[in-house]
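Visitor: Knowing the structure of chain A, use the given hints to seat chain B on it.
Line by line, the protein sequences are chains A and B.
When you line the first sequence up against the working numbering, it's residues 18 to 348, in that order.
When you line the second sequence up against the working numbering, it's residues 18 to 348, in that order.
Simulated from the structure, these hints should not be mistaken for laboratory data.
Note that the Cβ used here is the ideal one computed from N, Cα and C, for glycine as well.
Cross-link-like lysine to any residue pairs, in silico, SDA-like; alpha carbons within 20 Å at most:
{"#": "1", "chain 1": "B", "residue 1": "K314", "chain 2": "B", "residue 2": "H304"}
{"#": "2", "chain 1": "A", "residue 1": "K85", "chain 2": "A", "residue 2": "G252"}
{"#": "3", "chain 1": "A", "residue 1": "K64", "chain 2": "B", "residue 2": "M108"}
{"#": "4", "chain 1": "B", "residue 1": "K314", "chain 2": "A", "residue 2": "M108"}
{"#": "5", "chain 1": "A", "residue 1": "K336", "chain 2": "B", "residue 2": "D333"}
{"#": "6", "chain 1": "A", "residue 1": "K208", "chain 2": "A", "residue 2": "V195"}
{"#": "7", "chain 1": "A", "residue 1": "K123", "chain 2": "B", "residue 2": "T55"}
{"#": "8", "chain 1": "B", "residue 1": "K158", "chain 2": "B", "residue 2": "V232"}
{"#": "9", "chain 1": "A", "residue 1": "K314", "chain 2": "B", "residue 2": "T110"}
{"#": "10", "chain 1": "A", "residue 1": "K123", "chain 2": "B", "residue 2": "Q52"}
{"#": "11", "chain 1": "B", "residue 1": "K106", "chain 2": "A", "residue 2": "A311"}
{"#": "12", "chain 1": "B", "residue 1": "K64", "chain 2": "A", "residue 2": "A142"}
{"#": "13", "chain 1": "A", "residue 1": "K106", "chain 2": "B", "residue 2": "A315"}
{"#": "14", "chain 1": "A", "residue 1": "K336", "chain 2": "B", "residue 2": "A101"}
{"#": "15", "chain 1": "A", "residue 1": "K314", "chain 2": "B", "residue 2": "A101"}
{"#": "16", "chain 1": "B", "residue 1": "K106", "chain 2": "A", "residue 2": "G266"}
{"#": "17", "chain 1": "A", "residue 1": "K314", "chain 2": "B", "residue 2": "A97"}
{"#": "18", "chain 1": "B", "residue 1": "K123", "chain 2": "A", "residue 2": "G54"}
{"#": "19", "chain 1": "A", "residue 1": "K106", "chain 2": "B", "residue 2": "A311"}
{"#": "20", "chain 1": "A", "residue 1": "K106", "chain 2": "B", "residue 2": "K64"}
{"#": "21", "chain 1": "A", "residue 1": "K64", "chain 2": "B", "residue 2": "K106"}
{"#": "22", "chain 1": "B", "residue 1": "K106", "chain 2": "A", "residue 2": "G328"}
{"#": "23", "chain 1": "B", "residue 1": "K64", "chain 2": "A", "residue 2": "A102"}
{"#": "24", "chain 1": "A", "residue 1": "K332", "chain 2": "B", "residue 2": "R284"}
{"#": "25", "chain 1": "A", "residue 1": "K158", "chain 2": "B", "residue 2": "P51"}
{"#": "26", "chain 1": "A", "residue 1": "K106", "chain 2": "B", "residue 2": "G265"}
{"#": "27", "chain 1": "B", "residue 1": "K336", "chain 2": "B", "residue 2": "D287"}
{"#": "28", "chain 1": "A", "residue 1": "K298", "chain 2": "A", "residue 2": "M214"}
{"#": "29", "chain 1": "B", "residue 1": "K332", "chain 2": "A", "residue 2": "R338"}
{"#": "30", "chain 1": "B", "residue 1": "K123", "chain 2": "A", "residue 2": "Q52"}
{"#": "31", "chain 1": "B", "residue 1": "K106", "chain 2": "A", "residue 2": "G265"}
{"#": "32", "chain 1": "A", "residue 1": "K223", "chain 2": "A", "residue 2": "G181"}
{"#": "33", "chain 1": "B", "residue 1": "K64", "chain 2": "A", "residue 2": "P105"}
{"#": "34", "chain 1": "A", "residue 1": "K64", "chain 2": "A", "residue 2": "H329"}
For the chain B half of the interface with chain A, some residues (derived, Cβ under 7 Å), not all of them:
{"#": "35", "residue": "Q52"}
{"#": "36", "residue": "R62"}
{"#": "37", "residue": "N119"}
{"#": "38", "residue": "G121"}
{"#": "39", "residue": "W344"}
Protein chains: 2
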Amino acid sequence: MIELNRRHLLAGVAAVGAASVARLGTTPAHAAVPQAGTQAPGFYRYKVGSYECTSINDGARTFPMPDKFVANVAKEEALAAADAAYMPKGMVTIPFNPQLINTGSKLVLIDSGNGIGNFEPSKGAVGRTLQNLAAAGVDPKSIDIVLLSHLHPDHTNGIRAADGSIAFPNAEIMVPAVDWAFWASEENASKAPNDMMKNYFANVKKTFGGIESKVTKYEWGKEVAPGITSIATPGHTPGHTSFAVASGGSTVLVQSDVTNIPELFLRNPDWHVAFDVDGPKAQETRHKFYDMAAAEKATVVGFHFTFPSVGHVEKDGAKYRLIPSAWNPTI
Amino acid sequence: MIELNRRHLLAGVAAVGAASVARLGTTPAHAAVPQAGTQAPGFYRYKVGSYECTSINDGARTFPMPDKFVANVAKEEALAAADAAYMPKGMVTIPFNPQLINTGSKLVLIDSGNGIGNFEPSKGAVGRTLQNLAAAGVDPKSIDIVLLSHLHPDHTNGIRAADGSIAFPNAEIMVPAVDWAFWASEENASKAPNDMMKNYFANVKKTFGGIESKVTKYEWGKEVAPGITSIATPGHTPGHTSFAVASGGSTVLVQSDVTNIPELFLRNPDWHVAFDVDGPKAQETRHKFYDMAAAEKATVVGFHFTFPSVGHVEKDGAKYRLIPSAWNPTI
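Same shape as in the complex, but just chain A (with noise of 0.2 Å):
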């Protein structure tokens, strides 16, 4: 019998696995199945009163993390909360599911993923809108709004398929006013003070580029959709967006990016994520969005929690835990 016991159990799992490795290569060969080699689709439904959502995964890139990832720690301090959170050694990852709410009468997509082929890397990782809402049967076509967090690619890049072409071709894309006059300003793509943002600024350029009269521009409190108001949450980028979906008495808070991954920065709310145009004010906007969302126990939806990217927050003294809604097999 293999005992309870660390030593002894896997000691004997190894010593097992190496018998049966050599006996499989010597044994006659099975009419076995083969293996599919595909993940399952990227796509999970709930309901927010009588609307019907979809978190729609657009997937997620694993890469070795970057010395500056976590702005204000040392690189050790973050690969050690990656590594608390078992990724990969040495590595960070990060998922992207961009939500579609079907409230009755309109088909809303909030964020549109990085598009196709906008990471070369890891092609094929991300930029898979396109066939996890294909895989939950809804046609591009079909989606009457976009509505943009904010002006970051990864959010962005999403509204065009890979031939350029707008991928949602008879959809209003919504942004906001604030982030728009922070990201299309010449002056201040002028005075970018890094590669990086020097990016942010041409990529803004080119994906919005040609299409600005299908751009509508929101404010912030105001229903911008039926039942869906835009939430003030700037930081991460100056004009930065949650929404309340809203419907039945029901609600939940997509976050967006008030925090990144929350294995580093939930868990460590005052870090700051590379990407963070103003990185304090960010800080803030987190304390304030989780400590009501945590005192509401408040559904909460993150662009960037690993799929379906649906759960609760709470607060565990000076840090937040993030808490995995349970998958309803039926909705």
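Guide: Same frame as chain A, now just chain B:
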């Protein structure tokens, strides 16, 4: 602007929401996209070395917390733990997740789910193994081995289809020898101390009646299928078994029911679920298993963890905490 202040935010949302509902009622109907009304397929793939594993969701049951659901604490404590895990007020949710292991030569299904129609009040909520296998492209006829961890109905009854025929007609059905000896004993059945136990004995008789020739009894500490080793984890039932699935230097531990739902019994490892045959023994096994799994940072799969039911477990003082694995979009 809606301020990030809970009173203002939620008041604002409620007011906007009411206005929205009122307006939707009087707006001419758009050519709206119908809601889907169904969940995404419940399967999720992960690799263990060269093995392709698939977590298959059999569904989940949500029901009013029974008085003695936790046998050795007051109902209020159990309700508080469920509430802390954001379960519906006064209710408890139990998910069910068989695992499919494609070793390259054998297709092994570990546990088989509730079967269809066995829980009338929640018909449709469970018994989803066959439909989720189909969604994953798996023909039940291609399964070589159904490997049962123990002989409780939620693990065994899926071996039969709705019409009572064998759902996996070409499979060897493997049962733990110790559990078989216990549950198949007429003498034990005649001494069943309560209705629950009487039902369990009767269910074994009904489920396995007439198919004894398909049933193989396995021992603990053996390689019961290629790379799959049985681990003695008694208590929940006398022959309750976990499995180490090992390939190419990687191992996952399929814990079966070492803990029932982690929100109650991993957070509170000394609590005894009503279904335990020997609660104190199950408690002892749980501590041994999870002290080992936490120390080894082992990947653990739990039949009653929320889908996709794969994670890591860490110590948290005298408690344990499950950290669900990140969803991998590409396997």
